[in-house]
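So the sequence lines, in the order shown, correspond to chains H and S.
Quick note: the first sequence uses full-length UniProt numbering, first residue 1, plus one each step.
Quick note: the second sequence uses full-length UniProt numbering, first residue 1, plus one each step.
To be clear, the hints were calculated from the coordinates, so they are not data collected in a lab.
Note that the Cβ used here is the ideal one computed from N, Cα and C, for glycine as well.
Accuracy of the hints is not assured; some may be wrong.
Claimed, not checked - Simulated restraints, written as ranges between beta carbons of each label pair:
1) S/G192 / H/K749: 51 to 61 angstroms
2) H/T298 / S/N72: 54 to 64 angstroms
3) S/D224 / H/K749: 27 to 37 angstroms
4) H/I426 / S/N72: 27 to 37 angstroms
5) S/N72 / H/S748: 30 to 40 angstroms
What the hints assert, rightly or not - Below, simulated DSS-like cross-link-like pairs (lysine-lysine); rule was C-alpha separation at most 27 angstroms, straight line:
6) S/K70 / S/K128
7) S/K7 / S/K116
8) S/K117 / S/K128
9) H/K4 / S/K175
10) H/K747 / H/K375
11) S/K175 / S/K86
12) H/K4 / S/K7
13) S/K117 / S/K70
14) H/K375 / H/K11
15) H/K375 / S/K86
16) S/K128 / H/K375
17) H/K11 / S/K116
18) S/K86 / S/K70
19) S/K128 / H/K4
20) S/K116 / S/K175
21) S/K128 / S/K7
22) S/K175 / S/K207
23) H/K11 / S/K86
24) S/K86 / S/K128
25) H/K4 / S/K207
What the hints assert, rightly or not - Which chain S residues face chain H? A few, computed with CB under 8 angstroms, are given here:
26) E19
27) I22
28) T25
29) A29
30) S60
31) E63
32) I64
33) F89
34) L100
35) E104
36) L108
37) E111
38) G114
39) V225
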Amino acid sequence: MWHKISWRLLKHELRRGELTIMAAALVLSVCAVLSLSMFSERLQAGLMERSAEFLAADRVLRSRGGEIPTEWLERAEVEGVASARRVTFNSMAFANGDMALVDVKAVTDGYPLRGHLEIADAPFTQGVVADGLPGRGETWVQGSLFQQLGLALGDELEVGDSTFVVTQVLSHEPDSGFSVFTDSPTVLIHNDDLAATGLIQPGSRVNYNYLFAGEPQALQRFETWLLPQLDSVTQRWQNIQDGDSPLSAALTRAEQFMLLASLLGVVLAATAVAVAAQRYAQRNYDAVAVMKTLGGRTPQIARIFSLHLLLLTAASVAVGVLLGVLLQAVVSWYVSSQLGYELPAAGNGPYLLAIGTGLLCALMFSLYPLLRLMKVPPLRVLRRELTASGLSRWLHWCLAGGTVFLLMVLYSGSVILSFALFVGGILAMLILLGISRLFIRASRQAGMQAGSSWRLAMAGMQRRSRENSLQMLSFSVAVMLFLLVLALRHELLEDWRGQLPDDAPNYFVVNVAGHQVEPMQAMFERESIRATQLYPIIPGRLTAINGTPVRDEVTKEERDDSEYREGFGRELQLTWQRDLPAENTLRAGQWFAPGERGVSVESQVAERIDIGLGDELSFRVGGNEFTVPVTNIRDVDWNTMQPNFFMIFSPELLEDMPATYIASFYLPPDRRPELYQLFRNFPQASLIDVEDILQQVRDVINHVSLAITFVMVLVIAAGGLVLIAQVQASLEERQQELVILRTLGAKSKLLTQAVSYEFIVLGALAGLIATLAMEVSIYVLQTQVFNMPASLHWRFWVLGPVLGAGIVALLGWSVCWRMLRQSTGQLIRKLS
Amino acid sequence: MSLIEAKSISRNVATTAGELQILSTLSVAIEAGEAVAIVGASGSGKSTLLSLLAGLDLPSSGEILIDNVKLNDLDEEQRAILRGEKIGFIFQSFLLIQSLTALENVMLPAELAGAKKPEEQARELLAKVGLGERLTHYPNQLSGGEQQRVAIARAFIGQPQILFADEPTGNLDRKTGALIEDLLFELNREFGTTLIMVTHDERLAQKCDRILRIEDGQILEHADVA
């Protein structure tokens with residue numbers, strides 16, 4: 001019989017809108033978690049897929065020490081990880097009686113494992129996706145080699161002992177990378193043709209790269225097996241999130257943002273459930289007292305209300321799942337259409353997480369209110385002031401706190417991070433609580449001098465100062481999270497946009513001869529092309545630091561390692577400059593004084609090889625050897641598409657040495673066909689097209705921007721729900737007072753005004769506190785989590801209070817207005 | 001043997017100003033089928049007496065027996081069962097469950113007691129109180145008088161031996177109050193119920209068989225109504 005009562009209560013209460021907030025909070029938390037985790041899983045997979053193109057694989061094993069044991073590749077196959085090999089080295093190539101330094105790339109079938117090759121019929125034209133690799137005896141070469149050697153399709157190209165027929169222009173390689181100095185034009189051949197060239201000899205400088213791709217778990221297993229066996233000197237294991245990938249910072253930040261924001265969203269939704277559950281229980285005090293009076297036993301009533309809640313939860317979770325799937329489908333569809341490719345599908349994880357979250361929230365947050373509800377004495381039917389007693393509020397705090405903590409662990413997967421956030425959150429809330437009480441007390445003083453609506457509002461605030469400070473706390477938290485997500489999103493997007501503006505240089509020109517510097521500058525000017533200055537480049541080697549020779553691979557085996565310091569182990573591209581380049585900032589020391597001899601070192605390099613101001617560095621450049629002191633240390637932003645240098649010398653040292661020059665410039669994509677014509681007069685210069693790479697980076701950033709916008713919308717919805725739940729709950733508390741005032745003849749207008757004023761003050765104070773808390777949180781997040789420079793957000797100091805006052809007052813006014821629309825008689829009846 | 005018997009009951013409550021005695025060593029016996037009015041000024045302790053006699057609360061000292069069952073020996077759950085079996089209630093503020101319809105409110109006690117065909121009984125009773133056409137209305141769609149009629153129907157559905165009424169017409173205008181009184185006494189007679197009613201209204205009290213006048217926690221007068 002009791003289940004019928006349960007069902008009936010649910011049916012009617014749903015119809016009458018009594019459960020709307022509770023159901024909405026549950027629906028939102030499930031919907032948010034599901035759509036968010038599903039979407040972020042799909043997006044992450046998409047991102048990884050996209051980013052993996054930079055490597056042409058999910059993981060790359062770089063080996064400078066020759067081939068790796070075949071059993072490693074066999075192991076990969078056993079684990080279900082696909083592999084391919086890419087061998088690269090520099091060599092001379094000959095055609096039409098001319099020669100050029102090229103980058104030979106010999107690849108096995110399957111390459112590239114991620115991304116694709118594009119080929120074209122003419123240099124510098126739009127390519128099409130290649131199906132497979134060059135055939136035996138064939139080669140695909142980059143456009144700039146066509147320019148250098150005057151090639152045409154069908155020409156023969158000699159490399160080592162072999163002759164290849166040029167069958168295609170290689171217009172795009174996923175793994176072309178950023179390094180402009182080492183980039184001679186690529187000559188792509190099949191691995192089967194490699195041995196015949198006779199270029200792989202003992203001692204020749206060859207890079208063996210092994211590419212791997214597969215399911216994350218399979219990769220993880222393989223990685224665990226492989227890593228302990230690697231030789232740390234000659235072998236390096238690389239994935240897209242490694243520091244030297246241009247996207248790693250953006251990806252890591254985005255991941256952290258998503259995690260943080262979804263955590264906040266869920267905590268907000270959980271808060272809404274908690275507030276709603278509390279209100280739900282309070283509303284049913286009378287019903288329970290009546291049932292007990294009429295002979296209902298506590299276990300029977302407990303069953304009625306438990307089933308009631310269970311049905312509500314089940315229905316809300318189901319609706320939440322449905323909406324979540326729908327929402328993420330719409331968002332994914334939109335994102336896919338923006339990005340031009342389909343996002344990979346998600347697994348079952350998000351469903352479990354979402355349903356688990358819904359059930360956990362409903363169970364844990366309604367347990368205490370429900371237990372309290374069961375404690376309502378039947379005597380309440382005669383003595384209306386009686387409520388539940390005998391249950392410690394600590395139980396409530398423990399249950400709520402435990403649930404939030406559990407959710408945090410579920411989401412972040414890290415107990416330590418959750419603990420830090422949790423303890424930080426509690427401390428912040430206690431401080432906020434203190435501040436809000438102070439504010440409320442102060443506002444009482446101010447209100448006494450104002451008109452009657454204001455006086456009524458302030459008196460009300462003061463009387464309910466305990467409830468109000470709790471309410472203000474939840475208003476503040478909701479507004480703060482809202483502001484936090486808004487500000488962080490803005491910061492991240494600005495940061496990314498700043499790094500890669502739309503007109504970031506998309507071409508490099510290298511190998512410019514000294515006598516062509518002026519004509520080239522003139523050409524840039526004439527054609528209105530925005531270019532960097534032309535930097536001289538002189539190849540050289542670092543030979544000693546403070547008199548101690550640095551290790552060089554070639555001589556490594558002849559002497560004991562301990563006699564050496566860490567160096568570069570390769571040739572460096574050196575330059576000289578009279579002034580500090582625009583994109584660089586000095587970290588230590590002074591820029592060269594006129595006539596001073598010295599070298600300026602990039603800060604990360606200085607750290608890596610352990611050198612500081614005043615250290616003496618010895619270089620060999622051409623036939624000369626010289627030693628100079630380190631005059632200053634520079635920070636360089638490697639994400640800018642500018643020529644950047646580890647070592648910059650004062651002019652006196654290198655000015656007179658023979659140099660080639662380099663610059664980068666921006667050419668709008670629609671002017672691409674002009675390239676050939678523009679550079680026809682500079683036959684020795686080579687062009688490197690980084691438009692593809694830029695586009696790839698922008699794609700990824702667009703992905704991430706869309707994702708965080710989506711997350712932001714969900715957090716705002718969750719915050720809004722908390723506000724609605726809280727306003728509704730607090731207005732119910734004031735209902736009696738309003739009815740009395742109304743009965744005493746107070747006009748609706750006065751009452752709605754008083755309520756609105758009270759909420760305006762509450763909202764504005766909450767907004768102010770929220771802004772303060774937001775600034776502190778952002779400071780901590782920016783400096784500790786996102787590794788960004790900290791900043792103040794003045795606009796939010798206006799936005800916060802205005803937004804808080806506006807939203808809270810509007811909600812308060814609308815609920816109050818709806819309440820006062822009923823006749824006084826109706827209201828009294830409702831109250832009694 | 002009386003149906004309800006209170007022997008030297010006292011009820012004290014703790015307040016900030018110290019212990020306050022609301023009822024002191026009060027004894028009363030009520031026979032089956034009697035209609036008893038408890039009257040007295042505000043704060044005299046009449047509602048407290050009602051709550052003790054109905055088993056909603058326990059006395060600080062003394063004992064209460066209903067149908068020979070000693071309430072002091074029963075826990076909250078057992079008292080609830082006893083109320084479900086033997087007692088009906090009508091309150092000044094009606095205390096209908098807002099999210100249930102008139103019909104469902106009336107069915108509720110029968111359902112809680114596991115009665116068969118509660119709906120049929122409830123329909124009959126609602127027809128009897130003149131609300132046969134308003135079964136699916138929610139309490140806030142009914143007037144005060146109508147709500148009290150629903151409450152009366154709810155009180156009688158379990159065919160209780162005893163009916164407790166706390167100011168049943170206190171929230172109603174004189175005319176509606178009179179109609180409710182008539183209905184209450186009519187049903188009381190029909191079902192042979194023992195009625196114990198707290199009221200301010202002397203006129204209403206006069207309709208009962210006996211009046212207990214309470215002052216300062218003690219019975220000032222047992223008066224039989226002629």
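Status of the hints after comparison with the structure:
{"no.": "1", "hint": "S/G192 / H/K749: 51 to 61 angstroms", "result": "holds, 56 angstroms"}
{"no.": "2", "hint": "H/T298 / S/N72: 54 to 64 angstroms", "result": "violated, 20 angstroms"}
{"no.": "3", "hint": "S/D224 / H/K749: 27 to 37 angstroms", "result": "violated, 57 angstroms"}
{"no.": "4", "hint": "H/I426 / S/N72: 27 to 37 angstroms", "result": "violated, 47 angstroms"}
{"no.": "5", "hint": "S/N72 / H/S748: 30 to 40 angstroms", "result": "violated, 52 angstroms"}
{"no.": "6", "hint": "S/K70 / S/K128", "result": "violated, 35 angstroms"}
{"no.": "7", "hint": "S/K7 / S/K116", "result": "violated, 37 angstroms"}
{"no.": "8", "hint": "S/K117 / S/K128", "result": "holds, 17 angstroms"}
{"no.": "9", "hint": "H/K4 / S/K175", "result": "violated, 37 angstroms"}
{"no.": "10", "hint": "H/K747 / H/K375", "result": "violated, 39 angstroms"}
{"no.": "11", "hint": "S/K175 / S/K86", "result": "violated, 31 angstroms"}
{"no.": "12", "hint": "H/K4 / S/K7", "result": "violated, 41 angstroms"}
{"no.": "13", "hint": "S/K117 / S/K70", "result": "violated, 32 angstroms"}
{"no.": "14", "hint": "H/K375 / H/K11", "result": "holds, 25 angstroms"}
{"no.": "15", "hint": "H/K375 / S/K86", "result": "holds, 23 angstroms"}
{"no.": "16", "hint": "S/K128 / H/K375", "result": "violated, 35 angstroms"}
{"no.": "17", "hint": "H/K11 / S/K116", "result": "holds, 23 angstroms"}
{"no.": "18", "hint": "S/K86 / S/K70", "result": "holds, 14 angstroms"}
{"no.": "19", "hint": "S/K128 / H/K4", "result": "holds, 25 angstroms"}
{"no.": "20", "hint": "S/K116 / S/K175", "result": "violated, 37 angstroms"}
{"no.": "21", "hint": "S/K128 / S/K7", "result": "violated, 38 angstroms"}
{"no.": "22", "hint": "S/K175 / S/K207", "result": "holds, 16 angstroms"}
{"no.": "23", "hint": "H/K11 / S/K86", "result": "violated, 31 angstroms"}
{"no.": "24", "hint": "S/K86 / S/K128", "result": "holds, 21 angstroms"}
{"no.": "25", "hint": "H/K4 / S/K207", "result": "violated, 40 angstroms"}
{"no.": "26", "hint": "E19", "result": "violated, 18 angstroms"}
{"no.": "27", "hint": "I22", "result": "violated, 11 angstroms"}
{"no.": "28", "hint": "T25", "result": "violated, 22 angstroms"}
{"no.": "29", "hint": "A29", "result": "violated, 22 angstroms"}
{"no.": "30", "hint": "S60", "result": "violated, 14 angstroms"}
{"no.": "31", "hint": "E63", "result": "violated, 19 angstroms"}
{"no.": "32", "hint": "I64", "result": "violated, 15 angstroms"}
{"no.": "33", "hint": "F89", "result": "holds, 6 angstroms"}
{"no.": "34", "hint": "L100", "result": "holds, 6 angstroms"}
{"no.": "35", "hint": "E104", "result": "holds, 6 angstroms"}
{"no.": "36", "hint": "L108", "result": "holds, 6 angstroms"}
{"no.": "37", "hint": "E111", "result": "holds, 5 angstroms"}
{"no.": "38", "hint": "G114", "result": "holds, 6 angstroms"}
{"no.": "39", "hint": "V225", "result": "violated, 25 angstroms"}
Violated hints, listed in ascending order, are 2, 3, 4, 5, 6, 7, 9, 10, 11, 12, 13, 16, 20, 21, 23, 25, 26, 27, 28, 29, 30, 31, 32, 39; each of the other numbered hints is respected by the structure.
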